[in-house]
Each structure stands twice: as C-alpha cells, then as structure tokens.
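Colleague: From first to last, the protein sequence lines are chains A and B. When we follow the numbering used here, the leftmost residue of the first sequence carries the number 1, and every step to the right adds one. When we follow the numbering used here, the leftmost residue of the second sequence carries the number 1001, and every step to the right adds one.
Hints listed in this document are in silico derivations from the structure and should not be mistaken for laboratory results. The reader is advised that the hints may include incorrect statements.
Claimed, not checked - Below, simulated SDA-like cross-link-like pairs (lysine to any residue); rule was C-alpha separation at most 25 Å, straight line:
#1 B:1090 / B:1072
#2 A:106 / B:1075
#3 A:175 / B:1086
#4 A:106 / B:1085
#5 A:68 / B:1041
#6 A:281 / A:215
Said to hold, decoys possible - Some but not every residue of chain B turned toward chain A, in silico, with C-beta under 8 Å:
#7 1063
#8 1064
#9 1065
#10 1066
#11 1080
#12 1083
#13 1098
#14 1100
#15 1102
#16 1104
#17 1105
#18 1106
#19 1108
Unchecked claim - Anything over 10 Å on all C-beta distances counts as not near chain B; from chain A, calculated:
#20 111
#21 125
#22 160
For every residue, glycine included, the Cβ atom is placed at its ideal position computed from N, Cα and C.
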Amino acid sequence: MSDDRSLQSRRNALKCMAYGGAGTLFALAGGVFMPIELAVAAADKQGAARLGKPLFVQISDTHIGFNKDANPDVNGTLTQTIDLVNGMSEQPALIIHTGDITHLSKPAEFDLAQQMFSRLRTTELHTVPGEHDTTDATVTEYFNRFGKASDNKGYYSFDHAGVHFVALINVLQFKPGGLGTLGTDQLAWLAADLKGRSDSTPIVVFAHMPLWTIYEPWGWGTGDADQLMQQLRRFGSVTVLNGHIHQIVQKVEGNMTFHTARSTAYPQPTAGTGPGPGPLKVPAEQLAKMLGITSVSVVKHPHSLALSDTTIA
Amino acid sequence: MILGRYRSLLTAVSVAMLWWIAACSPSTAATSDPTTVMVKDFMFEPVSLTVKAGSTVTWANTDDEPHNVVSDTGLFRSGAIDTNESFSFKFDKPGTYHFTCSIHPRMVGTIVVQ
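Just chain B, with the same shape it has in the complex:
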C-alpha cells in the first residue's frame, strides 16, 4: 500500500518533470522527443529508437519526397507520408521491430520496445 502510493507519487513526479522539460525547452522538443523518428534526407533519424511498451511512435517526414513506413512482419504499414506529414503507431508489446520505406527500400530502421 505504501509502496503503491510511493509509485504513484514517483509517476506523478516523472510526468511533471517530463512536462517541465517539454515546456521549458521548446526549441529542442522536436528533435529530442523520445518517441519521434525524423524522416529527413532519405534517412530515419534515429535509425534505432528505444521506447517503453505502450508508447506511440511518430514518424515525421520533412523531405520533399514522400516516404512510408512498412513493418517487416506486417504489424504496421503507413500510407505515403508526404512532406510535413506524419504517421503514428502504438507499440503495446516489448520486442524489436524492423521497418523499411517501401518507396526507397534502402531506408531501414528499428524500434526497440522495452
């Protein structure tokens, strides 16, 4: 009971801190967002992203060329993500998820869900 209450408090503090970080450093929010994969210059950045189970990952394209995100296992497949558009997918289960851009299959990346 006490432990549970402590956990809740810890969670609340963590959320508050995350909010504080996000609110106080808006200029770096886009690139340091721990659940965003930037799609730029025909590359995924970061090429490997680690998130917690239950996280929603967003791929944001800033190229003049559309890209897409296709899971190697068929778990997810975006439509074409055009310039300044994004695609999101929620990862519920831990695991390693590889994906590729089927328009430019040289572009590959990985989401590690813990």
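Okay, chain A solo, but in the shape it has when bound:
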C-alpha cells in the first residue's frame, strides 16, 4: 500500500472506504468529509510541529511484549511514537489508547507499558482493552491497572471541550466463530448515557475492534454494532475510532466517520491476504513508515473534527 496510491484515490476514499496515507488531514464539516490539508509528509521530522492544534491523539496496538521478526523492538517504536507526540508544537489535551497495550496480557508487559506512557507530556490517558490485553486466565491484569474509569466494566464516557467521548469494550463475550460483541448491558448503558444529549453534541466513540464490518472472515467487525449505530445516527458529528487491524481503513456514512489507526508495533496484511491477521514482516527501512498515530483536531467548533495520520518516520 503506497501513500501515492492512497492520495490518487482520495476522491473514492471519501465516497466509501479507503486506505489512508501518512499526512492526509480530513475535516468533517456539515456532514461532508473533505481533505483540508496534506501537511504531514512521511519521513518529515518536522511533521510533529505541523500537526496543528490537536484535541487528542490516538495511540493503538502497542503490543508490548511482542518480539518476533516483524518488529523485534516494539519498545523502541513506542518510544519514537511518544517522542513524536511530545514534540508536537501544541500538546493534545488527552491521549486515547485503543487497545492491545500488551501482547500477552502479562503483568510485566502492562507494567512496562505504563512506565513508558508516563513519559507522555499529556498525562490524561483514556484506554480500552484489546483482546491481547484480556488473555490472562482471570482477565484481571488490564482492569487492575486501567479499570477504574469504568468501574471494571470496560465502558465509560466523559466530556472534554464540548465533545462527548464514549469508550466501548468489544473484546469480551465472543461468540465462537463470530465477531466482537458489545452486549445488551453495554448498549443499554449507552442509551441512558446518550439520552438527553443534544443532537449537535460532537460524539467520539472508541473501541479496540472495528465497529463496522471490514472483513468478517478475519473477525474484523462487531456483530451487534448496528444497534450502536441506531443510537448514534441522530447526532450531527460522530467519529468512530478503533485499532486492531494495524492499518488505516476509513469510511464515511452520513454524519459518521469511521477510522482505524495504525499500530505502533507492527503492520498486518490487508484484508484476506495470507492465512490470517498476523504480524506482517516488511523490510526494516519500511517498518517505521507503517507505524504511527492518529491526531484529531477541532476545525470548526463544535461541529467538525479533523483526522490526521502521522507515521513515526
């Protein structure tokens, strides 16, 4: 996937689904998704300074503990990512981590990740777990460290700068053979959470697995996401973010923008390429161009948010 191809097909990308490239900045204005700037080029060390005024930065799939060929130094690439964020001319108000903090849910992996995150200049960190964070036998390691915000449920909401943020968990309650699941309890909680909120409130929803079906054979979707979308449809600006697939895929549907973030650890193959969604080994010089963050800014408060993807090299 080259960035050139991505840029060439930009118009198509806006209509349906596409793979974004580094440095593409999108604005959602009046329900119309449009590129407003192509400011941040890959391999541009000043990229961080040109990101503008971010509302928040999304980090995803740090996979601390991974040590295979696809990236033997995930600590190093996370360090580069943190340096990139810390080097932004204006610090984001908050950081969102969309899961797979660790690779194997081991206590030492969580401890190291937390230690590394503590170096972020922006100290407000909001997380959701990925399925790699919940493989310990008792499913407690993640919640012991990050469960407070959600009272150990995994889902919660908060407000910042007039934007309503909703964190969802879709990596528990798997149906065998199926996709991710939100579940009736979480959906009922969300209905109550959104009730009484004005349609003009910008909403940012984030979870680990995609909240729309990208590729069912690999489980890249959430089985009961339709019920979520019914609740969100009335809002004028909805931004739905996730990680999990280690590459950028996006879709616009009415007032909703769906966007997946890159990993900071290793890329994965495009949908359906190879036996499954495992680590993709690329030449060493290409790796850093396939890892990065998503930055979200308010363009025209309160109705439009802009998304920008930046790679670490």
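Place chain B on chain A using the hints.
Modeller: For chain B alone, kept in the frame of chain A given last:
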C-alpha cells in the same frame, strides 16, 4: 481372574506397541500424535479430535501470533499460547467439548471424549 489377567496383558501389549510406534516413527510423531491439536495458520488441526476419557490433550502453537483455547462451557481456559508454546488439559469425563480462540474467535474446534 483369567479375564483380568488377559486384559492386563492386552494393555501391556498395547502400551508396548504405542511405544514402538512412537519410537520408530519420530518424524511423524508430532503430527500423528493422537492427543495433540496443532495451532497453525489460524486454524486448529485437526478441527475435531477424538480421545479416550482420561487423556491429556495438548494444543501446540506454531504461528507467529499468540492464540488461546477457551472452552465454551468454561471448563478450561488457557492463557495466551505464544509461538512454539503449548497448553494441555486432561479430559476425565466422556462428552463433546467445543472450544474457541478468544483472540481470533473464527478459530473453533471440538474434542470428543469417549
């Protein structure tokens, strides 16, 4: 009494034969092991395994990606099984046991215990 002695002999012969098979065909031992489920290319192989009650089944992962094994009924749940690691569980009672990889829930399999 005689029958019992005969049974013991039969068991001894069976065990000896199994040992002989295992010892004399080391190259196929891993894949033909009747109590091992290989976890490879995001699939369980075989997808359905039949064993005798009291058998210990081992899941062996050779993918670069970790997998796990979670019983549909909650009977067993492995931690993450990383590359070249394995997980074992002893099945005492006859029955049909379905399991899935909760990291990749498309991966499902069955152990039939006789």
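Colleague: Indicate, hint by hint, whether the structure satisfies it.
Modeller: Hints, verified against the model:
Simply put, residue 1090 of chain B and residue 1072 of chain B have alpha-carbon atoms about 16 Å apart, close enough for the 25 Å limit, and the pair holds. Between residue 106 of chain A and residue 1075 of chain B the CA atoms are separated by roughly 22 Å; this keeps the pair inside 25 Å, and the hint holds. Straight-line distance between C-alpha atoms of residue 175 of chain A and residue 1086 of chain B comes to about 23 Å, which keeps the hinted pair within the 25 Å bound. About 15 Å separates the Cα atoms of residue 106 of chain A and residue 1085 of chain B, which keeps this hinted pair within 25 Å; it holds.
Restraint check: the Cα-Cα separation between residue 68 of chain A and residue 1041 of chain B comes to about 16 Å, which is no more than 25 Å; the hinted pair holds. Between residue 281 of chain A and residue 215 of chain A, the direct Cα distance comes to roughly 21 Å. Compliance with the 25 Å bound is thereby established for this hinted pair. Proximity of residue 1063 of chain B to chain A holds as hinted, the smallest CB-CB distance being about 6 Å (cut-off 8 Å). With 8 Å as the threshold, the beta carbon of residue 1064 of chain B comes within range of chain A, its nearest partner Cβ sitting at about 5 Å, so the hint holds.
The restraint placing residue 1065 of chain B at the interface with chain A holds, with a minimum CB-CB distance near 4 Å, inside the 8 Å limit. Annotation: residue 1066 of chain B was flagged as interfacial toward chain A, and the flag holds, the nearest CB pair being 6 Å apart, inside 8 Å. Nearest Cβ of chain A to the Cβ of residue 1080 of chain B: about 4 Å, under the 8 Å cut. The hint holds. Given hint, residue 1083 of chain B at the interface with chain A, holds; its Cβ is 7 Å from that chain's nearest Cβ, closer than 8 Å.
The criterion of a C-beta within 8 Å of any C-beta in chain A is met by residue 1098 of chain B, whose closest approach is roughly 7 Å, and the hint holds. At about 4 Å, the closest approach between the beta carbon of residue 1100 of chain B and any beta carbon in chain A falls short of 8 Å, and the interface hint on this residue holds. At about 5 Å, the closest approach between the beta carbon of residue 1102 of chain B and any beta carbon in chain A falls short of 8 Å, and the interface hint on this residue holds. Look at residue 1104 of chain B: its Cβ gets to within about 6 Å of chain A, closer than 8 Å, so that hint holds up.
The interface hint given for residue 1105 of chain B holds, since its Cβ lies 4 Å from the closest Cβ of chain A, which is under the 8 Å cut-off. Evaluation of the residue 1106 of chain B hint against chain A yields a held restraint, the C-beta minimum of about 5 Å falling below 8 Å. Checking residue 1108 of chain B against chain A by beta carbon gives a least distance of about 5 Å; that is within 8 Å, so the hint holds. Non-interface status of residue 111 of chain A relative to chain B is upheld: no Cβ of that chain comes within 10 Å, the nearest being about 17 Å off.
Non-interface call for residue 125 of chain A relative to chain B: holds, since the shortest CB-CB distance, roughly 24 Å, exceeds 10 Å. Non-interface call for residue 160 of chain A relative to chain B: holds, since the shortest CB-CB distance, roughly 32 Å, exceeds 10 Å.
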